[in-house]
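Asks: The task is simple: from the sequences and hints, build the whole structure.
Now for the letters of each chain:
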Amino acid sequence: MAKIFLDGKPVEVAEGTTVFKAAQQAGIAIPHFCYHPAFVPEGSCRLCLVEIEGSPKLELSCSTVVREGMKVSTQSPTVREARRGVLEFILAEHPLDCPICDKAGECKLQDYYQDYGLTESVFREFKEKREKKVRIGDKLILDRERCVLCTRCVRFLAEITKTHELGLFERGIHAEIGGYENEPVRNGYSGNLVDLCPVGAITDTDFRFKTRPWFLTKGESICPLCSRGCNIYIDYHPGFPRVPGSAKVYRIRPRTNDAVNGPWICDHGRYGFIDLQQKNRCQTLVWNKGERTAEWSWDKVLITIGERVKALRENGKTNRISLILTTWLTNEELFLIKKIFKDGLGVRNVFFADPAPGPEDGFLLRSERTPNRRGAREMGFDLKAPDLNALVPDTDILFIFGPHFAGISHDGAWKPALEKIPVKILVTSHLNELASTADFVLPAAFLAEKNGTLTNADGRVQKIAAIARACFDIRPESQILLDLAREIRLDDSYFGALSAPEAVHHELVKEIPFFGALP
Amino acid sequence: MSREFTADLKKRIEEITARYPSRQAALLPVLHLVQGETGFLSAEEERAVASILGLPPIKVREVVTFYTMFTRKPLGRFHLQVCSNLSCSLAAGERILRHLQAKLGIGVGETTPDGKYTLTEVECLGACEQAPCMMVNFDYHGNLDPEKVERIMEELK
Ligand code: SF4
Ligand code: SF4
Ligand code: FES
Ligand code: FES
Numbered sequence: 002m003a004k005i006f007l008d009g010k011p012v013e014v015a016e017g018t019t020v021f022k023a024a025q026q027a028g029i030a031i032p033h034f035c036y037h038p039a040f041v042p043e044g045s046c047r048l049c050l051v052e053i054e055g056s057p058k059l060e061l062s063c064s065t066v067v068r069e070g071m072k073v074s075t076q077s078p079t080v081r082e083a084r085r086g087v088l089e090f091i092l093a094e095h096p097l098d099c100p101i102c103d104k105a106g107e108c109k110l111q112d113y114y115q116d117y118g119l120t121e122s123v124f125r126e127f128k129e130k131r132e133k134k135v136r137i138g139d140k141l142i143l144d145r146e147r148c149v150l151c152t153r154c155v156r157f158l159a160e161i162t163k164t165h166e167l168g169l170f171e172r173g174i175h176a177e178i179g180g181y182e183n184e185p186v187r188n189g190y191s192g193n194l195v196d197l198c199p200v201g202a203i204t205d206t207d208f209r210f211k212t213r214p215w216f217l218t219k220g221e222s223i224c225p226l227c228s229r230g231c232n233i234y235i236d237y238h239p240g241f242p243r244v245p246g247s248a249k250v251y252r253i254r255p256r257t258n259d260a261v262n263g264p265w266i267c268d269h270g271r272y273g274f275i276d277l278q279q280k281n282r283c284q285t286l287v288w289n290k291g292e293r294t295a296e297w298s299w300d301k302v303l304i305t306i307g308e309r310v311k312a313l314r315e316n317g318k319t320n321r322i323s324l325i326l327t328t329w330l331t332n333e334e335l336f337l338i339k340k341i342f343k344d345g346l347g348v349r350n351v352f353f354a355d356p357a358p359g360p361e362d363g364f365l366l367r368s369e370r371t372p373n374r375r376g377a378r379e380m381g382f383d384l385k386a387p388d389l390n391a392l393v394p395d396t397d398i399l400f401i402f403g404p405h406f407a408g409i410s411h412d413g414a415w416k417p418a419l420e421k422i423p424v425k426i427l428v429t430s431h432l433n434e435l436a437s438t439a440d441f442v443l444p445a446a447f448l449a450e451k452n453g454t455l456t457n458a459d460g461r462v463q464k465i466a467a468i469a470r471a472c473f474d475i476r477p478e479s480q481i482l483l484d485l486a487r488e489i490r491l492d493d494s495y496f497g498a499l500s501a502p503e504a505v506h507h508e509l510v511k512e513i514p515f516f517g518a519l520p
Numbered sequence: 323m324s325r326e327f328t329a330d331l332k333k334r335i336e337e338i339t340a341r342y343p344s345r346q347a348a349l350l351p352v353l354h355l356v357q358g359e360t361g362f363l364s365a366e367e368e369r370a371v372a373s374i375l376g377l378p379p380i381k382v383r384e385v386v387t388f389y390t391m392f393t394r395k396p397l398g399r400f401h402l403q404v405c406s407n408l409s410c411s412l413a414a415g416e417r418i419l420r421h422l423q424a425k426l427g428i429g430v431g432e433t434t435p436d437g438k439y440t441l442t443e444v445e446c447l448g449a450c451e452q453a454p455c456m457m458v459n460f461d462y463h464g465n466l467d468p469e470k471v472e473r474i475m476e477e478l479k
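Residue numbers (the numbering used here), protein chains in the order written: chain H, 2 to 520; chain F, 323 to 479.
Be aware that a few hints might be false.
[Stated by the list, open to error] For lysine-lysine, the following PhoX-like pairs were computed, each having C-alpha atoms within a straight-line distance of at most 25 Å:
id: 1; chain 1: H; residue 1: Lys421; chain 2: H; residue 2: Lys343
id: 2; chain 1: H; residue 1: Lys249; chain 2: H; residue 2: Lys301
id: 3; chain 1: H; residue 1: Lys249; chain 2: H; residue 2: Lys140
id: 4; chain 1: H; residue 1: Lys140; chain 2: F; residue 2: Lys395
id: 5; chain 1: F; residue 1: Lys479; chain 2: H; residue 2: Lys130
id: 6; chain 1: F; residue 1: Lys381; chain 2: H; residue 2: Lys163
id: 7; chain 1: H; residue 1: Lys72; chain 2: H; residue 2: Lys58
id: 8; chain 1: H; residue 1: Lys133; chain 2: H; residue 2: Lys58
id: 9; chain 1: F; residue 1: Lys479; chain 2: F; residue 2: Lys395
id: 10; chain 1: H; residue 1: Lys134; chain 2: F; residue 2: Lys381
id: 11; chain 1: H; residue 1: Lys134; chain 2: H; residue 2: Lys280
id: 12; chain 1: H; residue 1: Lys133; chain 2: H; residue 2: Lys22
[Stated by the list, open to error] Calculated from the model, a selection of chain F residues having no Cβ within reach of chain H, i.e. all distances over 12 Å:
id: 13; residue: Glu326
id: 14; residue: Arg341
id: 15; residue: Ala372
id: 16; residue: Lys425
id: 17; residue: Cys450
id: 18; residue: Glu451
id: 19; residue: Met475
No lab work stands behind these hints: they were computed from the structure.
All of these numbers come straight from a predicted model, not from anything done at the bench.
We put the CB at the ideal spot given by N, CA and C, even for glycine.
Replies: Here's what the structure looks like:
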């Protein structure tokens with residue numbers, strides 16, 4: 002340990018810590034562009050200057066290592082003056098198009114100008130004109146006028162993805178970021194460049210000009226597109242009162258968790274999430290009666306389904322109920338299914354239909370393209386794929402959760418098979434061909450729209466919360482399941498107590514302590 | 323496309339890399355060598371050097387564009403490099419550049435049609451005490467004004 006003095010305050014930090022990190026640990030923020038915790042310090046932006054007693058000039062806090070007894074001043078007039086000067090140089094060449102810049106509102110240059118700049122420009126010459134719309138990737142646009150040349154983008158591609166698509170060419174006033182012979186950024190993590198860029202120089206075509214950051218609310222969640230379970234922020238517009246459907250998710254950003262995803266997420270998750278949240282959503286409750294299709298109310302549908310289940314129960318034939326589940330379901334929902342169907346009704350025919358696995362990329366993206374297979378396994382489910390031959394003859398009522406059953410065979414063999422089953426109930430957040438074959442279609446919540454936990458492949462149990470509702474008449478599966486339990490009068494005292502939020506999770510942890518490890 | 327260097331050039335590159343703790347560290351001398359052989363460094367040469375030294379081509383491009391001694395286009399017989407950095411600009415270096423542009427009838431980065439002169443604008447030449455200054459091939463010329471430039475140009479003929 003080394004003892005240093007930060008603005009007069011004694012602080013103990015580990016040997017080898019940089020002054021910047023020591024300050025951060027002590028809660029002192031030092032402005033910076035080029036420093037990023039995931040990369041080797043570069044020391045090019047000169048904004049992190051601090052005064053160190055005994056040193057003839059200001060030093061870069063990002064790359065200066067602490068020495069025993071060091072006296073550092075992060076806010077002295079000299080330091081503030083130096084930062085003001087650095088900012089003035091950057092702004093002399095900055096287009097100041099904040100009114101149309103996506104980054105405005107969360108831009109480091111704006112923040113630091115507010116804290117340290119506040120200068121009148123003395124620059125009377127014309128500013129350099131540079132390209133403002135260079136397509137550097139599938140979804141990436143580079144604005145060379147806004148770039149502050151911190152090279153975070155270059156270093157991300159050199160140190161993290163090791164794909165080296167961008168470089169810093171030329172020098173002095175001609176310096177610019179670019180691709181080799183204009184080859185685009187092409188790797189599964191390109192979206193991180195947008196989050197990484199401290200200013201609005203790299204923007205995302207999906208987000209460009211769509212909204213302003215200050216209109217957005219951020220919710221904490223977990224990416225459901227693979228079993229890594231990356232921690233994310235969902236940035237959404239909460240919508241306007243009295244304008245139905247005006248809430249909308251605008252973007253997904255990584256939420257740093259060093260034990261899971263570090264500060265990154267992959268493009269498959271980032272862009273796939275918004276597609277899933279917004280496209281092909283199941284929004285209406287439907288009862289397909291032969292040729293006719295009727296929209297029905299939740300109460301009536303639950304009573305009808307409850308009657309069918311009760312009829313089987315009276316004849317002691319609840320083993321003729323079968324389930325096709327998905328690991329889009331949370332731990333709590335899977336637990337309720339286990340309690341109601343397996344333990345309560347003695348259902349034995351349980352299958353899982355999940356999104357098809359994909360290639361692993363050796364970094365974050367895993368081959369299981371669904372968030373909770375580990376959770377289902379820990380719950381004691383056998384994750385076998387649906388076997389139509391075993392299913393059809395033994396089934397009077399089939400509950401299908403999720404839309405993925407339609408993907409189990411490409412020849413559509415499931416269709417005629419399903420038709421032989423008397424009652425098919427589909428509980429799904431997304432629509433596909435399955436919906437026309439089911440007798441009841443119950444619109445369910447997508448992962449970002451319900452509370453619960455998911456277990457990633459490494460066994461981390463992580464929370465998701467009901468954040469943005471894309472559509473209206475949907476219900477979380479947990480509610481549907483509890484309503485059903487009540488409808489068929491299954492152990493009222495037990496299930497009745499589970500409607501309080503968190504109650505299912507408590508019950509789950511009591512029964513299977515594995516799930517208690519909430520980080 | 324990557325080009326094949328001659329066996330002799332490859333051998334000389336290997337001689338250079340052998341002197342450095344890592345192959346990548348030999349980038350500058352290897353680029354000098356290759357440019358000396360081929361006259362300029364096109365994408366083909368950059369890629370070939372990159373693969374020989376085990377570097378991504380973009381690293382080679384960064385270095386080639388950073389240093390004014392390297393060129394990505396064929397140069398004229400006389401390479402006029404006028405400094406446009408701070409000291410020279412304060413001493414009206416821009417006037418020198420404009421004078422040469424008008425005299426040669428070419429823009430910055432261009433070569434006269436007869437292949438004789440190439441005019442480029444460079445960052446600090448490290449000779450601020452003689453500002454404004456320029457380099458012609460490997461020679462420094464300082465304390466310039468249009469008349470002195472005229473005299474230098476006379477001598478180049
Ligand atoms: S584009 Fe952004 S991240 Fe890249 S160097 Fe410029 S400012 Fe930095
Ligand atoms: S690695 Fe997996 S969990 Fe992480 S963002 Fe990508 S798809 Fe989502
Ligand atoms: S953060 Fe230290 S120089 Fe940029
Ligand atoms: S500024 Fe021209 S030589 Fe230094």
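Asks: Next, verify each hint and record whether it holds.
Replies: Here is what the structure says about each hint:
Distance check on the hinted pair: Lys421/H and Lys343/H sit about 23 Å apart at the alpha-carbon level, within 25 Å; holds. In summary, the hint linking Lys249/H to Lys301/H is not supported, as the alpha carbons are separated by about 30 Å, beyond the 25 Å threshold. Only pairs whose Cα atoms come within 25 Å are accepted, and Lys249/H paired with Lys140/H is accepted, the gap being roughly 20 Å. A C-alpha spacing of about 32 Å is found between Lys140/H and Lys395/F, which places the hinted pair above 25 Å, so the restraint is violated.
For the hint linking Lys479/F to Lys130/H, the alpha-carbon distance of about 37 Å lies beyond 25 Å, and the restraint is violated. As the CA atoms of Lys381/F and Lys163/H are separated by approximately 12 Å, the hinted pair is consistent with the 25 Å bound. Note on Lys72/H and Lys58/H: the hinted pairing holds, with a Cα-Cα distance of about 14 Å set against a maximum of 25 Å. About 37 Å separates the Cα atoms of Lys133/H and Lys58/H, which puts this hinted pair outside 25 Å; it is violated.
Pair hint Lys479/F plus Lys395/F holds up; C-alpha atoms about 23 Å apart against a cutoff of 25 Å. For the proposed pair Lys134/H and Lys381/F, the alpha carbon gap of about 24 Å is at most 25 Å, so the pair holds. This hinted pair does not check out: Lys134/H and Lys280/H have alpha carbons roughly 29 Å apart, beyond 25 Å. Distance restraint check for Lys133/H and Lys22/H: the Cα-Cα separation of roughly 35 Å exceeds the 25 Å cut-off, and the hinted pair is therefore not satisfied.
Distance check for Glu326/F against chain H: the nearest CB is about 19 Å away, which clears 12 Å, and the non-interface claim stands. Arg341/F, annotated as away from the interface, keeps every beta carbon of chain H farther than 12 Å; the closest lies near 26 Å. The non-interface label for Ala372/F is inconsistent with chain H: the shortest C-beta to C-beta separation is roughly 9 Å, within 12 Å. For Lys425/F, the condition that its CB be more than 12 Å from all CB atoms of chain H holds, with the nearest at approximately 23 Å.
For Cys450/F, the shortest C-beta to C-beta distance to chain H comes to about 14 Å, beyond the 12 Å cut-off, and the non-interface label holds. With a closest Cβ-Cβ approach of about 20 Å to chain H, Glu451/F is found to remain outside the 12 Å limit, as its non-interface label requires. For Met475/F, the shortest C-beta to C-beta distance to chain H comes to about 26 Å, beyond the 12 Å cut-off, and the non-interface label holds.
Hint violations for this structure: numbers 2, 4, 5, 8, 11, 12 and 15, all remaining hints satisfied.
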